[in-house]
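Novice: Given chain A, put chain B in place with the hints provided.
Protein chains: 2
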Amino acid sequence: MKQQVRIGLLGIGTVGQAVARALIERHDVLSRAAGTSLVLQRAAVRDLARPRSLAVERLTADPAAVASADDVDLVIELVGGEEPARTLIASALERARPVVTANKRVLAWHGPQLAELAARKGVELRYEAAVGGGIPLIAPLTDDLAANRVLELRAIINGTCNYVLTRMASGERLEDALAKAQQAGYAEADPRDDVEAVDAGDKLCILLRLAFGASCTPAQLHRQGIRGLDPRDLAYGRELGYVLKLLAVARRTEAGVEARVHPAFVPLEHPLARVDGAYNAVHVVGDLCGPVMFSGLGAGGDATASAVLADVVHVARRLALGDPVPPPRENGPEPRLLPMSEVRTRCYFRLSVDDEPGVFAQITRVLAEHRIGLASVIQREPGKHGAAEVVLLTYEAPEAALATAEEQLARLSSTRAVLARIRVEAPQ
Amino acid sequence: MKQQVRIGLLGIGTVGQAVARALIERHDVLSRAAGTSLVLQRAAVRDLARPRSLAVERLTADPAAVASADDVDLVIELVGGEEPARTLIASALERARPVVTANKRVLAWHGPQLAELAARKGVELRYEAAVGGGIPLIAPLTDDLAANRVLELRAIINGTCNYVLTRMASGERLEDALAKAQQAGYAEADPRDDVEAVDAGDKLCILLRLAFGASCTPAQLHRQGIRGLDPRDLAYGRELGYVLKLLAVARRTEAGVEARVHPAFVPLEHPLARVDGAYNAVHVVGDLCGPVMFSGLGAGGDATASAVLADVVHVARRLALGDPVPPPRENGPEPRLLPMSEVRTRCYFRLSVDDEPGVFAQITRVLAEHRIGLASVIQREPGKHGAAEVVLLTYEAPEAALATAEEQLARLSSTRAVLARIRVEAPQ
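Residue numbers (this note's numbering), protein chains in the order written: chain A, 173 to 600; chain B, 173 to 600.
Don't read these hints as lab results, they were simulated from the structure.
Note that the structure is predicted; figures quoted are calculated from it, not measured.
Here a beta-carbon is modelled for each residue, glycine too, at the ideal position from N, C-alpha and C.
Misleading hints may appear alongside valid ones.
Claimed, not checked - Footprint (simulated), chain B over chain A, 3 or more residues, beta carbon under 8 angstroms:
{"hint": "1", "segment": "203 to 213"}
{"hint": "2", "segment": "319 to 331"}
{"hint": "3", "segment": "462 to 474"}
{"hint": "4", "segment": "496 to 502"}
Here chain A stands alone, though its shape is the one from the complex:
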């Protein structure tokens, strides 16, 4: 029985500070859970000169030295971003040090290779904090749903976008909502990764592997962010009984597994519709368990530290007991990723059209040509420039048909512009 487990911490930003503080302040709780004393042995910070309240023994500005230090039993990587984080994780694993990380970017792009390296070295690589912050997700998906074939997964996994969309639902413009998110600390100064769904795409990749055994990189996903969304569409959606969310969707179909991130209308009565503000939620349908949802704070120092420390306790417990790391689970056959053109969804269109006879006949003819059924229509009396606004809600159709229909609708003589096309999810 190891008397102590010595931790090397890489990165002391918001999450790193929360982790360091917890390791010091709740040493007893954590050590009791781990069955061994957890010692914050070394930490690497960006700027040594900056004063900090943390009493870490050996602070350094050299993360590579911490990752490979002889007196470190476990490495926590909270540097973030692809490099040097990936190299740091790999070098710790190479030296047979288990690694706990919150780094979705590295895992999305290099997860399988790093997992393979960890397995080869007989150590663990854990990343509960990489998706959904403080919400228990990775272990529940891996272990608790092991008996299921996961049929569908839909997730709100970007708090920034959800905060922005929640404000837009009250009529605020995207730019204003984003500025508020930045003021409130929910969005970074450069929010592109969030707004363009890069972050959500990375996280979906990780979930896809766990829940569907599909190995893919973010480059293989269809990914569309929230830029260009108009509060008018959220208002029309509401009228039709839907709320707009940035959804990460993975779904098993006979033809393959869908994997996509995009804004989507969700029925008001679905639990995901009520996940507001900076909250995250993952809704999973298993073929045995049925629908299950996990929700909570998807970001923030303490919430993310909670997940990091759960992994640390798990690894430390194993180190203390000297238990070997079990071999990785065998996956089933690799599923085919469905190309976006084959994905079937319902769609919402908003068009600006001339207010003249025959317009509606033209529109419906285009839809009929592509065998797209029409479920609901809203048409308002024209505004000042003689343009009328038409909102269409279709039945399910393949993406290819919907995209072609969009182009053809835009080219109709009576169409001034296709102002929006937004997918509609009608989950279980």
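Specialist: Below, chain B without anything else, positioned relative to chain A:
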């Protein structure tokens, strides 16, 4: 590496059949997850003569023989109820056989003793299915929140009551809603354990141990069921912004840990308010992770089998690898259970009173004497017999004061009856 793990299944009711079917039909998925072949070796049924479609090798009517069979590596107990289930579990553990069970009754009353026996024998006793059916709960609470002090836990963990209360919210009487629940298969022919909150109390006991380290038996909980509830109260509650749920509540206060099951008004905007029908949900607030919620199907053969099989896979994997069972985690100091009289809640009262001057002054005097603040009042014009209905919503006060106030309100000369007193929860 063990080539196979032989399973002995006790009890082939709804859940047992789903488990047996899955063990046979999804043998490959389960065996891949477990890293070893899972074989349903023996099963004990109540009535051997009854025809069944399951091809189990050796069926017997003697569960004790299965629990102690030499050719069984792992016992699944799905007999239910206290005895003989407890004895069967104990005898399997005594022979160093790991046990997976869904038996909340046995765990609530004998969990610590059985866990101690399992630890002494170096085998696992797992019970993910005992609370919340197919919702991953036990492992997330034990492992994923390990770094947290759990501050509050509120749960909807009886699907029957939630189904009944959901129907009552639309104006249906309790008796009618209960009959519907029975027709729909959500309530048993004898629904007393559900309606009287015995079932929810058992489950709360299990959650209390995991989340608060409080060892208690159901006898130590305050437990009140849904009998006597009137749809009028649900309607008034709605008017005040609340939904009525049967809640299991555990809360850390400076004076100790509260543990109680009773009907409670929950604010409409709280996620628990939207958990309808036969769904279950557990809402936990940790001091690091913040609020987290898990929801899904709390009952049903397949959903419960999903949880049972997750445990089976976990245990079989360990058996296959020959890994030792880690010693149980040390708990922190045992918290004090707060007596119900000291618990502070808000309260809803509905009174039938004479419609005459001074009535309201009498009522408010009683509340003021007990230092109970008044938050909202609804008074309707009197009905045919000259009786007026008064609804009061108080601020937080100790249960002892609220109970005494109730008695004194009932004795006022102008009071015809105190028709309802229902606690109000205002969670994070």
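Novice: Give a verdict on every hint.
Specialist: For each hint, the structure was consulted:
no.	hint	in the structure
1	203 to 213	holds (count 3)
2	319 to 331	holds (count 3)
3	462 to 474	holds (count 10)
4	496 to 502	holds (count 5)
Taken one by one, the earlier hints all hold for this structure without exception.
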